[in-house]
Each structure stands twice: as C-alpha cells, then as structure tokens.
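Novice: Each chain, written out:
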Amino acid sequence: MTVEGTAARTSRRSAGKKSGTSGTKAAGTTGTKRATRTTAKKGSGTVTAADPDLVQLLTPEGQRVKNAEYDRYVAGITPEELRGLYRDMVLTRRFDAEATALQRQGELGLWASLLGQEAAQIGSGRALNDDDYVFPTYREHGVAWCRGVDPVNLLGMFRGVNNGGWDPNSNNFHLYTIVIGSQTLHATGYAMGVAKDGADSAVIAYFGDGASSQGDVAESFTFSAVYNAPVVFFCQNNQWAISEPTERQTRVPLYQRARGYGFPGVRVDGNDVLACLAVTKWALERARAGEGPTLVEAFTYRMGAHTTSDDPTRYRSEEERLAWEAKDPILRLRRHLEAGKHADEAFFAEVEAESEALGKRVREAVRAMPDPDHFAIFENVYADGHALVDEERAQFAAYQASFADAEGV
Amino acid sequence: MAAEKMALAKAINESLRRALEEDPKVLIMGEDVGRLGGVFRVTDGLQKDFGESRVIDTPLAESGIVGTAIGLALRGYRPVVEIQFDGFVFPAYDQIVTQLAKMHARSLGKVKLPVVVRIPYGGGIGAVEHHSESPEALFAHVAGLKIVSPSNASDAYWMMQQAVQSDDPVIYFEPKRRYWDKGEVDVEAIPGPLHKARVVREGTDLTLAAYGPMVKLCHEVAAAAAEEGKSLEVLDLRSVSPLDFDTIQASVEKTGRLVVVHEAPVFFGSGAEIAARITERCFYHLEAPVLRVGGFHAPYPPARLEEAYLPDLDRVLDAVDRSLAY
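Just so you know, the sequences run in chain order W and E.
Per the working numbering, the first sequence starts with residue 1, numbered consecutively.
Per the working numbering, the second sequence starts with residue 1, numbered consecutively.
Because the hints were derived from the structure by calculation, they are not lab data.
Treat the hints loosely; a few may be bogus.
Said to hold, decoys possible - A short, non-exhaustive set of chain E residues, derived as facing chain W with CB atoms under 10 Å:
1) ILE65
2) ILE70
3) TYR77
4) THR98
5) LEU108
6) PRO114
7) ILE125
8) ALA127
9) PRO242
10) ASP246
By construction, the Cβ of each residue, glycine as well, lies at the ideal position given by its N, Cα and C atoms.
Given these sequences and hints, build the entire structure.
Specialist: Shown next as structure tokens:
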C-alpha cells in the first residue's frame with residue numbers, strides 16, 4: 001500500500017526539481033498519465049494556459065490569453081468592471097487580514113483565512129445573479145462580499161457570539177457550514193426546488209479539495225445529476241486539507257470526477273479572476289438553461305494557514321508557497337489593468353484608502369460586538385417551542401436569580 | 001361522523017394523501033416510495049395520483065435524502081422523507097444531527113426546516129439484521145429535533161398531519177409491527193396537542209408508560225394484571241421529545257409506582273430519562289423505584305432470538321410484581 005502512496009507523493013514533492021523521471025515513474029504506478037502530469041505541474045507551479053486542462057484568460061503576468069470557448073463570457077467586460085473586480089479582491093484581502101489580526105489580538109477565537117483564493121471567490125461570486133443562491137463553506141468571505149453580506153456579520157461565529165447569525169434569505173447566501181461537504185446536499189435540494197418552481201435561477205455550492213472525499217459530496221453529485229438540478233459545484237482546490245495534500249483525497253484531477261456522474265467538469269485557474277468569472281458564468285448559464293449540474297475546479301492555493309490554529313510550516317515548504325505567490329491573483333489583475341491603462345495611480349490609492357477604512361470599521365465593530373445574553377442559549381432551539389427547553393430556561397433563571405437575591409442583601 | 005376502520009399503515013397513507021392535497025409544498029421522498037409505494041406500502045398510490053415531482057423515488061443514499069430535503073425546505077417545501085428501515089438511518093444521522101436539528105438556532109430563528117423523517121422501527125417481524133431496531137433515544141438526545149411515535153391508527157393519522165404542519169423537524173417513528181393493526185380513524189376529529197401523552201387505561205396501583213409498539217403490550221399486561229386484582233394505569237406517551245412529564249407525574253402521584261416499557265435497550269434509553277425526572281418530581285409519592293423493561297445492552301439479536309430480547313407480557317408483569325413488592 002505504501003509503495004503506491006509514496007510514489008504518488010514523491011512525484012508531487014519532487015516535481016519542481018526532477019519532473020521527468022519521477023513523473024514517469026508515478027505514471028506507471030497510478031496507471032493514469034493525465035493525473036500524473038497535472039499533479040506534477042501543480043507542484044512545480046508552472047501551470048500555464050498551454051495546459052489544455054486549465055482554463056486561463058490572464059497569465060500570472062497579467063497578459064490576456066485567448067480562449068475560444070470562454071472568451072465570450074467576458075467579451076463585453078468594461079474597464080470599470082475590471083476595476084470593480086480588483087477592488088473586490090483588495091477589499092476582501094484587507095478584511096481577511098484584519099480578521100486574522102483580530103484573532104491574534106484575542107478578539108476572535110478563530111479565523112479561516114481566504115488569502116490566495118480571492119480570484120476564485122470574486123470571479124465566481126460576481127458571475128451570480130441576485131436571485132441565485134449560494135451555499136458556502138466557512139471560508140467564502142469573498143463570495144459573501146459579492147453577495148452584499150456585511151463582513152462584520154461573518155465574524156460573529158468566529159468571535160463566538162453566535163453560530164451563524166445572518167438571514168440567509170436576505171442575500172441568498174446561506175450560513176457558513178463547518179461540517180465538511182454537508183452544504184453540497186443542501187444546495188442540490190435547493191436547486192431541485194428551483195427546478196420544481198420553474199424558476200430560472202441557479203444555485204452554487206462551494207467546497208474544497210478535502211470535501212471532495214466526503215460521501216455527502218458524492219451523493220450531491222448523484223442527486224443533482226439524476227434530477228438534473230440547476231447547481232454549480234464550485235470546488236476551490238487550494239491543494240491542502242489542513243495538512244493533507246490532494247494526493248490524499250484523489251488519484252484523478254478532481255474536475256474529472258464529474259464525468260463519472262454524467263455532467264461536465266472544468267478546471268480553471270483559480271488565481272485568474274477573469275477565467276473564474278467566465279467559467280462560472282458558463283456553468284450558471286447551463287444550469288439556468290436546464291442543462292443540469294457542472295463541476296468547476298478552481299485550481300488555487302491556500303497561502304495562509306488552514307485557520308489561525310494551524311501551522312503550515314509543519315507540512316509544506318516555503319518554496320511551494322513562493323511559487324504560488326508569484327501567481328498572486330491581485331497582482332495579476334493589477335498588471336493587466338496597468339498594461340491596458342485601465343486604471344491609474346489615483347484609482348489604486350483610492351482602493352487602498354477604502355480598504356484601510358474597511359479594516360478600521362471591521363475592527364471597531366468587532367470590538368464593540370457584545371457578548372450575548374445568557375438566555376440566548378435557549379432561544380430559537382425550536383420554531384414551535386419545546387416543553388423541556390422552557391423548563392430548563394425557567395430553572396436556569398431561578399438559579400441566576402438566587403445570586404441576585406444574595407447580592408441584593 | 002367520518003370515522004373509518006383502517007390499518008395503521010393505511011392511516012399514515014391517508015394522512016400523507018391529505019397533506020399532499022392540502023399543501024402543494026408537501027413532498028414525499030425516499031427509496032421505493034413512488035412506483036412501489038414503499039416496502040411497507042405506506043405511500044401506496046401516492047405517486048400515481050400526485051406525480052413524480054411530488055412523490056419522489058430517490059437514489060439509494062440516506063444522507064442524500066435528508067440533505068436534499070433540507071435544501072428543499074430552505075426553498076419553501078415541506079418534505080416528508082422515508083428512511084426504509086430503522087437500521088438504515090445512520091448514513092443520514094450526520095445531516096439530521098449537525099444540520100437539520102441546528103439550522104433554526106444557527107440562523108437565529110430566520111430559517112425553519114419543516115422536514116418530517118419517517119422511520120419504520122422496532123422488532124417483532126422476524127426480520128434480518130438492521131431491520132428491527134429502536135434508535136429513538138439517539139435522536140431524543142439532540143436538541144432541535146422532535147420525536148414522536150404513534151401506537152394506533154387514529155394517532156398515526158393525526159400525528160402525521162401535525163408533524164407535517166410543524167415548523168420544526170420531526171422524526172416520526174412508525175411501529176412497523178403494528179402497521180397492520182386496525183383502528184377507527186375519524187378524519188374530521190379535532191386532534192389534541194401532538195406532544196401530549198394520553199391516559200389510555202385508568203388504574204390505581206401502578207402506572208405503565210409506553211409509546212409506539214409497546215402500548216398494545218401494556219394494554220395486555222393491564223388486562224392480565226386485572227385478572228389478578230391489580231389495577232394498572234396505562235399511558236401512551238406518543239411523544240419522546242418533548243416528553244409530557246406532567247401527565248406521567250399526575251399518574252404517578254396517584255399510583256405511586258411506575259414501570260416504563262420500550263423495545264430500545266434500557267441503558268441510556270428514554271426510560272432512564274423518565275425514571276430520573278419522575279424521581280425528582282415525585283420523590284415523596286413513589287412507593288418503589290421506577291423500573292424499566294426493554295432491550296438488553298447487546299446488538300439486536302437474530303430473529304429466532306428476538307422473542308427473548310423484546311419485552312413481552314411476562315417480562316412486564318415481572319416488573320409489575322417487583323414494583324408492587326416494595
């Protein structure tokens with residue numbers, strides 16, 4: 001067993017240095033050359049538009065490359081819209097950095113940073129219509145931003161004042177889901193309902209490479225395919241499920257899994273906001289046209305730790321991180337904007353000032369966020385009430401009142 | 001009156017039919033519930049009359065059934081899902097416990113999940129492994145869920161109506177060995193509260209408390225005890241979460257003795273919770289410790305042994321005697 005496992009692992013780790021021999025060796029072991037080639041490339045950080053499996057519209061240098069299939073989904077994009085995507089990514093990153101800082105300052109118990117995944121989230125998030133519905137994991141801060149969810153609302157659960165805390169229907173953005181992969185089934189069911197209603201909206205389910213191993217994700221693929229549900233499965237393959245590389249989750253590129261379920265899968269450069277926008281638009285269009293589910297694998301990288309409790313230096317190399325840093329999603333779009341003269345210094349300065357203001361607002365709002373009343377424990381356990389909850393609330397109230405009496409003397 | 005004699009399974013069928021007729025948002029989902037009408041025929045004829053988009057044959061994946069039902073509920077539907085047998089609910093246990101039960105609270109009350117999970121449960125039908133279990137305590141332990149189990153056709157009909165109308169998720173345990181027992185169902189009656197227990201036989205010497213399949217047994221026990229001059233009161237608890245402790249308390253204050261009967265294992269079973277709370281509430285009224293009769297701390301046995309495993313007339317009478325001996 002370990003022979004196979006080691007072979008696959010070796011090819012990935014050593015790909016940057018000696019992709020030739022170890023790649024071939026791994027191909028023989030896994031029996032699938034395609035898997036090996038892709039695997040080898042991601043480790044080396046040399047995924048380019050030349051790779052037919054990867055949809056890319058902007059190179060890491062910010063150069064626009066043509067794509068016969070997906071160009072039309074961003075054909076009419078204006079410089080203003082491009083600047084908008086840039087602004088979204090910068091503000092999201094700033095918010096994310098602020099949240100990480102707030103955790104370090106003890107204001108949040110935990111934070112799951114999206115650093116590095118801004119393009120995947122903003123690109124897909126901006127592809128959505130208002131009446132589409134989003135089912136996020138717990139890391140979709142950029143998508144939440146696109147949906148108009150106040151970033152401060154995302155912090156309640158990480159501060160520990162609630163376990164969700166926003167109305168999913170206000171922005172068609174469901175609560176964060178911590179149990180890995182569960183939300184893909186909710187998205188599928190919701191999409192089944194959309195189809196029953198004869199509505200022309202679509203649903204998008206976010207999940208990660210780790211979640212791809214969950215039974216619920218497999219079942220959501222089955223259900224959505226069988227019922228032809230209008231759902232887009234948007235997998236951010238950020239290469240790491242805490243400490244486990246994608247080799248511990250799959251022996252084929254994730255997007256290829258869709259084929260076995262009977263719907264298309266596409267791998268997109270997850271650090272290319274334009275490509276993510278285009279591919280997600282295409283997938284959503286399929287859903288709205290009654291063509292059923294699509295799997296989009298956004299190939300990206302979690303630049304930070306899994307959460308603020310994690311220490312990635314224990315399991316991955318600085319070299320790998322640097323290779324991905326060179327493909328930074330924000331820098332890439334900035335280069336493109338600058339080269340096309342779509343933005344000037346004043347614009348960048350303005351976004352910078354705006355992001356600082358956002359950081360300040362979030363900081364102040366979180367610090368002012370009060371602890372909930374003790375009796376919030378008993379609130380909303382049931383919609384129609386429950387005798388035991390009522391009884392225990394009353395007992396707890398009497399218990400607390402006993403202290404008040406003592407203090408009151 | 002519109003009272004009609006029907007089997008318990010038929011009563012659930014009629015209740016589901018009515019729910020489908022009255023609310024276009026009600027859906028039936030599950031394995032084999034459509035064309036076949038369910039392995040117990042509880043959903044017989046519903047797909048024919050309401051169509052494949054409302055009575056949905058699902059892939060064979062329990063987590064998928066409950067997970068997509070949650071999504072449909074978020075969209076405004078009221079799914080009634082069937083888990084084919086008690087022992088098959090566990091792939092869906094994660095969705096039920098971590099998602100279905102908690103989403104109302106997580107959304108601070110913004111989201112309601114009116115999902116009914118139907119589970120045929122319990123033994124006594126000579127089935128193979130995983131087809132005879134009573135996992136109700138595993139669900140009752142979870143805040144956010146409501147757990148009910150009817151014992152007769154009339155309750156089966158009305159409790160299903162109320163479960164479908166509930167804005168909370170309800171696990172509806174169907175006593176499969178009583179599916180074919182007939183009883184009067186008045187479809188024009190005004191039902192009492194869903195979570196209220198009922199005194200189904202009055203007595204003065206001891207209280208027997210049960211729900212689902214064990215209520216019939218307790219009737220038989222009370223009849224047998226009456227021949228020996230003992231007057232037993234029988235409670236049909238109907239709801240396991242919430243439990244109607246007020247009704248149990250009132251009965252125990254009268255009789256001073258309580259025996260709880262269920263098929264589920266006694267250890268950490270619902271009888272344990274009832275014993276603890278009734279001891280707190282009725283300490284000075286109790287003439288004997290609260291006793292429990294139920295399954296053993298062993299896997300549900302092969303069918304040829306289930307008679308020895310399940311509570312029966314003699315085992316309950318034995319507990320009655322032990323209680324009265326104090």
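Novice: Take the hints in turn and mark each one as holding or not.
Specialist: How the hints compare with the structure:
1. ILE65: holds, 9 Å
2. ILE70: Constraint on ILE70/E satisfied, holds at 5 Å.
3. TYR77: This hint holds: TYR77/E lies near chain W, its Cβ roughly 6 Å from the closest one there, short of 10 Å.
4. THR98: holds, 5 Å
5. LEU108: Constraint on LEU108/E satisfied, holds at 6 Å.
6. PRO114: This hint holds: PRO114/E lies near chain W, its Cβ roughly 8 Å from the closest one there, short of 10 Å.
7. ILE125: violated, 29 Å
8. ALA127: Check failed: Cβ of ALA127/E comes no nearer than 26 Å to chain W, outside 10 Å.
9. PRO242: Where the cut-off is 10 Å and the nearest Cβ of chain W is about 4 Å from PRO242/E, the hint holds.
10. ASP246: With a minimum Cβ separation of about 8 Å from chain W (threshold 10 Å), the hint on ASP246/E holds.
When held up to the earlier numbered hints, the structure conflicts with 7 and 8 and fits the remainder.
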